[in-house]
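A.B. asks: What follows is the residue order along each chain.
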Amino acid sequence: MNAFGRILACLAILLFAALPSFALDWGIELSNEGGIDFGDDTQWYTDNQAALWLTTPLDRTNTNSLAIEGRLYGAREAESGDFTTYLNLELCRLSFVPVAYEGKRIALDAGRIRTADITGYVINQSIDGAEAHGSFAFGNVDALVGYTGLLNARKTGALMSQDDYIDAGTDDLYALGAKRLVGKATFQFPEIIGKFDLIAEATGQYDLRDALGSDYLQLIHTAYGTLSLSGPLAPRVYLTTSGIWQTGVLTADKDYSENAYLALARLDWFAGSKTKIFTEVIYTSATNDYFSTFLPITFQSAGELFTAGYGDLFKAQVGGLWNPVDIVNVDLSCRAFMYPKEVYEGESIYRGTEIFGGLTFLIRNDLRLRCEGVMYLPKDEDSRYQASLKAVFDL
Amino acid sequence: MKLSKICIVILAIAVSVAPAFALAGQVVTVSGKVEMQTGSGAWKPLKAGDSLESGSMISTGFKSEATIKLGASILTVRPLTRMTLNQLVEKEDTVETEVFLEVGNVKAEVNSLNGKKNGFSVKSPVATASVRGTVLEVGDFLVVYEGTVQYKSVTGQTRHGSAGEQLNTISGAVTSPVNQLSNAMHVIALNNTPMSENLSPILATAPSLAPVAADVGAATIPPVIETVTSFEIN
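Residue numbers (the working numbering), protein chains in the order written: chain A, 57 to 451; chain B, 345 to 578.
Hints may be right or wrong, so weigh each one.
Below, computed lysine to any residue pairings styled on SDA-like, alpha-carbon distance capped at 25 Å [stated by the list, open to error]: (1) B:Lys-496 - A:Leu-110; (2) A:Lys-330 - B:Ala-533; (3) A:Lys-160 - B:His-530; (4) B:Lys-377 - B:Lys-435; (5) A:Lys-160 - B:Phe-444; (6) A:Lys-330 - B:Phe-444; (7) B:Lys-451 - A:Gly-328; (8) B:Lys-467 - B:Leu-534; (9) A:Lys-446 - B:Met-529; (10) A:Lys-446 - B:Leu-534; (11) A:Lys-446 - A:Leu-110; (12) A:Lys-446 - A:Glu-403.
Stretch-level coverage of chain B by chain A, calculated; a stretch enters the list once three of its residues show a Cβ under 8 Å from a Cβ in chain A [stated by the list, open to error]: (13) 500-513; (14) 519-532; (15) 543-550.
By construction, these hints were calculated from the structure, which means they are not laboratory data. Note that beta-carbon positions come from the ideal geometry of N, C-alpha and C, so glycine has one too.
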């Protein structure tokens with residue numbers, strides 16, 4: 057063993073000697089989903105995941121801790137029929153609480169962490185960096201700085217430009233993702249107007265491909281400002297309204313502006329102790345002389361079989377969750393998808409409706425089952441149906 | 345003359361300071377193993393009719409409960425609870441009661457004594473519930489049965505809970521009532537790995553916001569977008 061190897065071995069021994077081994081918690085989670093897709097052709101698909109995770113406190117009071125999670129993915133996609141396999145380090149998070157006095161508490165997460173904006177529609181993914189969480193008498197503050205370029209391109213979620221999609225289409229076991237620097241600052245003021253909370257958030261991402269000397273077809277830099285107001289309208293009835301303003305520049309053959317917005321209103325009614333009914337409307341700017349398509353950092357499809365994102369979209373949704381007993385959950389929702397404005401003169405803005413239902417069973421504490429059924433009824437195409445069964449087992 | 349000046353000053357202080365009388369709590373009912381710590385530090389069994397002075401510490405065992413009358417208010421000490429009666433004082437126009445809840449749950453029915461206002465608070469290591477004319481239960485979280493309760497975390501952050509609402513604290517922040525209603529529904533989480541944990545007090549306490557999705561971006565990559573939908577900067 058050379059000197060470098062000996063140093064590494066000593067460091068590893070020191071690290072594990074410092075960990076309180078009695079408090080080390082670890083596990084393996086196996087998730088297997090099989091489904092059938094009734095479209096133009098009937099096709100089977102599978103999605104299998106094996107996660108190995110561990111958590112350990114780094115002190116006696118468990119205020120500082122380490123959490124690691126890695127996943128092996130193996131999936132047979134319905135449309136292509138190809139079986140793909142890849143690995144990902146989902147989480148490697150060191151959590152510290154450097155400030156915890158009467159009147160203030162500041163926690164810090166660093167490493168590969170999960171993050172999301174307050175709506176979940178701008179960014180909602182893993183990222184390499186650090187996020188501080190502060191709790192004060194006036195409210196809460198979050199601040200994040202991160203980089204997406206070390207994530208596995210096949211699981212990054214950060215899909216904004218043509219280059220990002222090309223990177224994500226790799227066959228490599230591990231390919232580096234979009235080189236984007238991301239920053240976010242969030243301020244929450246509880247009960248600022250009656251019992252309503254106000255949340256203000258600023259999020260931005262800067263495409264580093266040019267700065268790092270990488271080849272590119274497009275460069276996209278964007279910033280988002282969000283305001284959200286939420287609180288009770290009546291006992292057990294809660295309203296959330298959010299507005300996101302996006303601005304940015306897309307550089308390709310020339311510069312294009314990326315001004316857009318997303319407006320959201322959601323009503324949650326807890327009809328009983330085990331029943332919730334909700335309705336939600338999301339409207340994003342239509343492309344015109346001033347606005348472009350809403351372009352979030354993390355791509356998310358707006359439906360299950362409706363795979364388009366939230367750009368150029370008007371979505372109205374109603375749904376419910378009923379938990380008759382603690383070991384069974386029933387959920388049902390109906391979503392209508394529309395264009396935010398007339399695309400072709402005289403044509404309807406309606407695009408299609410999706411009906412989604414699911415049953416979740418807690419068979420044992422270490423075994424959960426979920427059955428799902430989706431029906432998509434597009435305006436101009438044939439209907440599509442999908443049914444699946446998913447089992448999640450903890451070892 | 346000097347003595348008379350001193351007498352006048354003492355009289356003035358006595359008149360200006362509102363009189364405060366220490367009240368004693370009274371144990372109404374006891375079931376199971378309920379003990380009180382005496383001044384010497386020893387524990388003695390508590391029985392109905394015993395009186396409680398300020399500073400008394402009470403402990404209840406498994407399947408044990410005690411009901412205590414504090415002025416006109418009724419305090420029910422739930423099983424596996426340890427609490428201290430910090431203060432029970434009747435002032436000129438208020439009755440001040442303060443309970444420190446070290447661990448467990450207490451239910452309080454706060455009533456007015458002699459038509460006076462109530463300053464009733466239950467403190468715990470993570471939060472303080474301040475109430476006036478209310479029925480509530482405090483422990484791992486706050487449950488409001490009647491009236492309104494101000495719930496204050498160790499960081500000084502406050503929210504108000506109304507009848508039928510529950511409040512909790514997470515990392516020094518007080519959750520919105522909608523979070524507790526959602527938790528009480530016992531939604532089955534398919535994934536229980538560290539990745540599904542939410543460490544942001546904002547995402548954990550804000551009402552009705554999108555949850556952190558564990559599976560975003562996986563196997564849902566759409567085809568490359570060829571068209572540029574933006575418009576040109578002049």
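A.B. asks: Each hint should be assessed against the structure and marked as holding or not.
C.D. replies: How the hints compare with the structure:
no., hint, result
1, B:Lys-496 - A:Leu-110, "violated, 34 Å"
2, A:Lys-330 - B:Ala-533, "holds, 15 Å"
3, A:Lys-160 - B:His-530, "violated, 31 Å"
4, B:Lys-377 - B:Lys-435, "violated, 34 Å"
5, A:Lys-160 - B:Phe-444, "holds, 21 Å"
6, A:Lys-330 - B:Phe-444, "violated, 33 Å"
7, B:Lys-451 - A:Gly-328, "holds, 23 Å"
8, B:Lys-467 - B:Leu-534, "violated, 36 Å"
9, A:Lys-446 - B:Met-529, "holds, 22 Å"
10, A:Lys-446 - B:Leu-534, "holds, 9 Å"
11, A:Lys-446 - A:Leu-110, "holds, 23 Å"
12, A:Lys-446 - A:Glu-403, "violated, 40 Å"
13, 500-513, "holds (count 9)"
14, 519-532, "holds (count 10)"
15, 543-550, "holds (count 7)"
Of the numbered hints listed earlier, those contradicted by the structure are 1, 3, 4, 6, 8, 12.
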